[in-house]
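Participant: Quick mapping for you: the protein sequence lines, in order, are chains A and B. When you line the first sequence up against our numbering, it's residues 50 to 546, in that order. When you line the second sequence up against our numbering, it's residues 7 to 256, in that order.
These are calculated hints, taken from the structure and not from any lab test. The C-beta atom is built at its ideal place from N, Cα and C for all residues, glycine as well. One or more of the hints may lead you astray.
Just the calculated beta-carbon pair ranges, DEER-fashion [as the list claims (entries may be wrong)]: (1) Y168/A with A33/B: 50 to 58 Å; (2) K242/B with V541/A: 46 to 54 Å; (3) K235/B with A70/A: 44 to 52 Å; (4) A70/A with W106/B: 17 to 25 Å; (5) G434/A with G61/B: 34 to 42 Å; (6) G93/A with G34/B: 52 to 60 Å; (7) N105/A with F65/B: 38 to 46 Å; (8) Y168/A with F119/B: 33 to 41 Å; (9) A33/B with R383/A: 39 to 47 Å; (10) E344/A with V19/B: 40 to 48 Å.
Calculated cross-link-like contacts (lysine-lysine; reagent style DSS-like; alpha-carbon spacing at most 25 Å) [what the hints assert, rightly or not]: (11) K213/B with K106/A; (12) K213/B with K336/A; (13) K72/B with K59/A; (14) K352/A with K72/B; (15) K240/B with K171/A; (16) K167/A with K240/B; (17) K336/A with K352/A; (18) K242/B with K336/A; (19) K277/A with K352/A; (20) K106/A with K175/B; (21) K239/A with K263/A; (22) K242/B with K106/A; (23) K100/A with K167/A; (24) K106/A with K52/A; (25) K228/A with K239/A.
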Amino acid sequence: MAKFETPEIKEETVDIPALQAGVMSHSKPYVSQEKFQAPLGFPGELVDNWKDVAINKLGELLQTNRALQVFMDSCVKCGACTDKCHYFLGTSDPRNMPVARQDLLRGVYRRYFTLPGKYFPKLVGATDLTEEVLDDWYSYFHQCSECRRCSVYCPYGIDTAEITMATREIMNAVGVGQKYSNEIIGKVFKIGNNLGLPQPALADTLLGLEEDVKEDTGVDVRYPLDEKGAEVLLVTPSADFFAEPHVDGLIGYGKVFHAAGISWTLSSHASEAANFGLFIGSAENMKQIALRIREAALDLGVKRIIFGECGHAWRVAYSFLNTLAGPFDFLDPRYPVPQHICEFTYDLIQRRALTLDKSANDHRRVTFHDSCNVARASRMGDMPGGQFVIPREIIKAVCNHYYDMAPDTIGEATFCCGGGGGLLTDDLMELRVKGALPRMSALKSVVEEHGVTHMAAICAICKSQFAKVLPYYGFEMDQIVSVHQLVSDAIVLDAKQ
Amino acid sequence: MFVTVLFALLFYVATAILLVGLGVRIAGYARAPAPLKIPTTPAPTTRGGVVLRMGTEVFLFNSLFKANKWIWLFGIVFHVALALVLLRHLRYFLDPVPTWVVMIQPFGLYAAFAMVLGLAGLWVRRIFVERIRYISSPSDHLMLALLLGIALTGLSMTYLWHTDITAVKLFFTGLMRFEFNPLPLQPMLLLHLLLVAGLMIVFPFSKLLHAPGVFFSPTRNQVDNPREKRHVTKVKWMIASERPATSGDK
Chain A
50 MAKFETPEIK EETVDIPALQ AGVMSHSKPY VSQEKFQAPL GFPGELVDNW
100 KDVAINKLGE LLQTNRALQV FMDSCVKCGA CTDKCHYFLG TSDPRNMPVA
150 RQDLLRGVYR RYFTLPGKYF PKLVGATDLT EEVLDDWYSY FHQCSECRRC
200 SVYCPYGIDT AEITMATREI MNAVGVGQKY SNEIIGKVFK IGNNLGLPQP
250 ALADTLLGLE EDVKEDTGVD VRYPLDEKGA EVLLVTPSAD FFAEPHVDGL
300 IGYGKVFHAA GISWTLSSHA SEAANFGLFI GSAENMKQIA LRIREAALDL
350 GVKRIIFGEC GHAWRVAYSF LNTLAGPFDF LDPRYPVPQH ICEFTYDLIQ
400 RRALTLDKSA NDHRRVTFHD SCNVARASRM GDMPGGQFVI PREIIKAVCN
450 HYYDMAPDTI GEATFCCGGG GGLLTDDLME LRVKGALPRM SALKSVVEEH
500 GVTHMAAICA ICKSQFAKVL PYYGFEMDQI VSVHQLVSDA IVLDAKQ
Chain B
7 MFVTVLFALL FYVATAILLV GLGVRIAGYA RAPAPLKIPT TPAPTTRGGV
57 VLRMGTEVFL FNSLFKANKW IWLFGIVFHV ALALVLLRHL RYFLDPVPTW
107 VVMIQPFGLY AAFAMVLGLA GLWVRRIFVE RIRYISSPSD HLMLALLLGI
157 ALTGLSMTYL WHTDITAVKL FFTGLMRFEF NPLPLQPMLL LHLLLVAGLM
207 IVFPFSKLLH APGVFFSPTR NQVDNPREKR HVTKVKWMIA SERPATSGDK
């Protein structure tokens, strides 16, 4: 991997950089191979008539996705989005300005699908589809984490994520896929989760967790797998099964279920909340991945489905699951399908059903990183914006010291961690480090102002990304924690005995 | 008479292109399914809430306000002024002139200056802000030139070279009854009308499609209720349920 310099944190807000054209054009993830492409239904290498295939695919997507059609036509190049992308702020490459990224596809759209583009291409910025364009697509549509921050500020709601997904779908259709995402989707189909943990390994891990928790607390907290007849099916990102700080969150979920006295189970068939079908814009694959959850729920005979801490998984779960794998009329109608573990825990806290000792977290001064997909593509609870309130209320219920980061870096304006959207791979390390700059700057200012020691998150990608990039900015990797890790440390089990 | 016929035909053609072109685009937007729920959240959870959200976008440019105060300022000054100017122009097409059109007349006259100011502000930013210059195509500059040209030729007729406005009105009201009444041969008027016809013709093929587009934008017009109400559309992948290549392989 090429050497690069970690950006310097200056002030609490990141300055808009002067443009440096092409400085990130070398950034490309590893290209997928035949063996990772085939299980997803994509060609293994660049097909001969790739231009025709690409144009046809674009035409098909325009017909089947209103958003794409409207977004291709509506941009007026006002510039509102130009300073909103964390990758632009961190890299200075103008093609990381959302509109410029969109224009890589829009130019081709105009050339092949609009009259002015056919007859006056130069005038309207229309471009022929060439190998160079395909190369630019591969580079810059893998520098978008599909975080939707730009869509908050666009006067027409143009969401670059939709355009990135469409372009990745086109690239997969011509045989140029991204290894990281496609290999992982294959593992989900074959084994059941992103990490490729088979059932016996999973069972072993969970048994180990039970022993650890018993040792720690003296209480028999269960971490059940494939238990038919359980009330709740918990679907959680597979990182929760062993990686730090994820696993501390899983331990927390188990303790909350234990304290609530509600039976629950994980499923080896649906042992993964993540759905990378979203990242590559493939509705077909997203649907197949989502159906595993329906199958597991039916097979295990559960009454509720709850999702663990995972950002894009919660988007797919909250916004799409009902569409992709519904209707869920076989579940208990008294609960939303699905629920977020934070909704579940928050409800218990509200009903004073949990005994919490806040002082257990007194060694921590905590801030909260709103994960992009939770913030801008989903909801929690009954009211709009509940996704901001509920996790913070949980943290405040289990910690005495909580401080928000600057208002223009949280809530709907939150900055992506820098590793979302299928970019959490070592071959994109430079991009990930630079893209984290806005979040790191906001973190540094609460560290200096309030002595914040830990940043909590509810997303497996955020947690993995921060664990990796925090050290680049002079922080410790364990300063990122799971929200349910904080709950886990504060919860007093079997207190009434 | 030659000029009159030429402009008469020009406006028939321009109107037809505008209406048919827009109709085709809008039908395309309406026909394409929005297969997934993608409102940018936090989003309203009711239809009424969505109407309110759309209202704040269309009338107040709410998202743009959050994004950039200068673009918002120039943008809203231009659009409000344009709206007033357009409404004021109804007096040249309607007989008798409705009272409310008479009442906005003075505002409409000042609005022309505001329109020029807004357009100039946007153009200055397009030229001098590096990021916006980078994303601009020649057509983006031409669009501003076209609108500015329309505003300036219009203003020149109000304040410098008056035209026979009664004859202009007779020309346009005549067109609506397929009668050709003579158009005054005043250069500023002819230039003004030529530019307006040009705007009407490019409208359905240009970024001016943002006007109908905003209403069809799923990130803004969808209700945030995916858990409560199953969102279903007739797209191929929704109906087909087989895994692409490895079905049965477990």
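Participant: Work down the list of hints and note, for each, if the structure agrees.
Facilitator: Consistency of the hints with the structure:
1. In this structure, Y168/A and A33/B break the distance hint of 50 to 58 Å, their C-beta atoms being roughly 23 Å apart.
2. The hint said 46 to 54 Å for the Cβ distance between K242/B and V541/A, and at roughly 53 Å that hint holds.
3. For K235/B and A70/A, the hinted distance range of 44 to 52 Å is satisfied, since their beta carbons lie about 46 Å from each other.
4. Against the hinted window of 17 to 25 Å, the Cβ-Cβ separation of A70/A and W106/B comes to about 52 Å, which falls outside the hint.
5. Checked against the hint of 34 to 42 Å, the C-beta distance between G434/A and G61/B comes to roughly 19 Å, which is inconsistent with it.
6. Checked against the hint of 52 to 60 Å, the C-beta distance between G93/A and G34/B comes to roughly 34 Å, which is inconsistent with it.
7. For N105/A paired with F65/B, a C-beta distance near 40 Å keeps the hint of 38 to 46 Å intact.
8. About 36 Å separates the C-beta atoms of Y168/A and F119/B, a value consistent with the hinted range of 33 to 41 Å.
9. For A33/B and R383/A, the Cβ-Cβ distance of about 43 Å falls inside the hinted range of 39 to 47 Å, so the restraint holds.
10. Against the hinted window of 40 to 48 Å, the Cβ-Cβ separation of E344/A and V19/B comes to about 59 Å, which falls outside the hint.
11. About 23 Å separates the Cα atoms of K213/B and K106/A, which keeps this hinted pair within 25 Å; it holds.
12. Distance restraint check for K213/B and K336/A: the Cα-Cα separation of roughly 34 Å exceeds the 25 Å cut-off, and the hinted pair is therefore not satisfied.
13. Between K72/B and K59/A the alpha-carbon distance is near 24 Å, which keeps this suggested pair within the 25 Å criterion.
14. Restraint check for K352/A and K72/B: the C-alpha separation of about 42 Å exceeds 25 Å, so the hint is violated.
15. Distance hint between K240/B and K171/A is unfulfilled; the C-alpha atoms sit about 37 Å from each other, more than 25 Å.
16. Simply put, K167/A and K240/B have alpha-carbon atoms about 31 Å apart, too far for the 25 Å limit, and the pair is violated.
17. With a C-alpha separation of about 22 Å, the suggested pairing of K336/A with K352/A holds against the 25 Å cut-off.
18. Between K242/B and K336/A the alpha-carbon distance is near 12 Å, which keeps this suggested pair within the 25 Å criterion.
19. At roughly 11 Å between alpha-carbon atoms, K277/A and K352/A fall within 25 Å of each other, so this suggested pair holds.
20. Between K106/A and K175/B the alpha-carbon distance is near 50 Å, which puts this suggested pair outside the 25 Å criterion.
21. For the suggested pair K239/A and K263/A, the alpha carbons sit about 33 Å apart, so the restraint of at most 25 Å is broken.
22. Between the alpha carbons of K242/B and K106/A the distance comes to roughly 14 Å, so the proposed pair stays at or under 25 Å and holds.
23. At most 25 Å may separate the alpha-carbon atoms for a hinted pair to count; K100/A and K167/A meet this at roughly 16 Å.
24. A distance of roughly 37 Å separates the Cα atoms of K106/A and K52/A; the hinted pair therefore is violated under the 25 Å criterion.
25. The hinted pair formed by K228/A and K239/A meets the criterion: a straight-line CA distance of about 16 Å does not exceed 25 Å.
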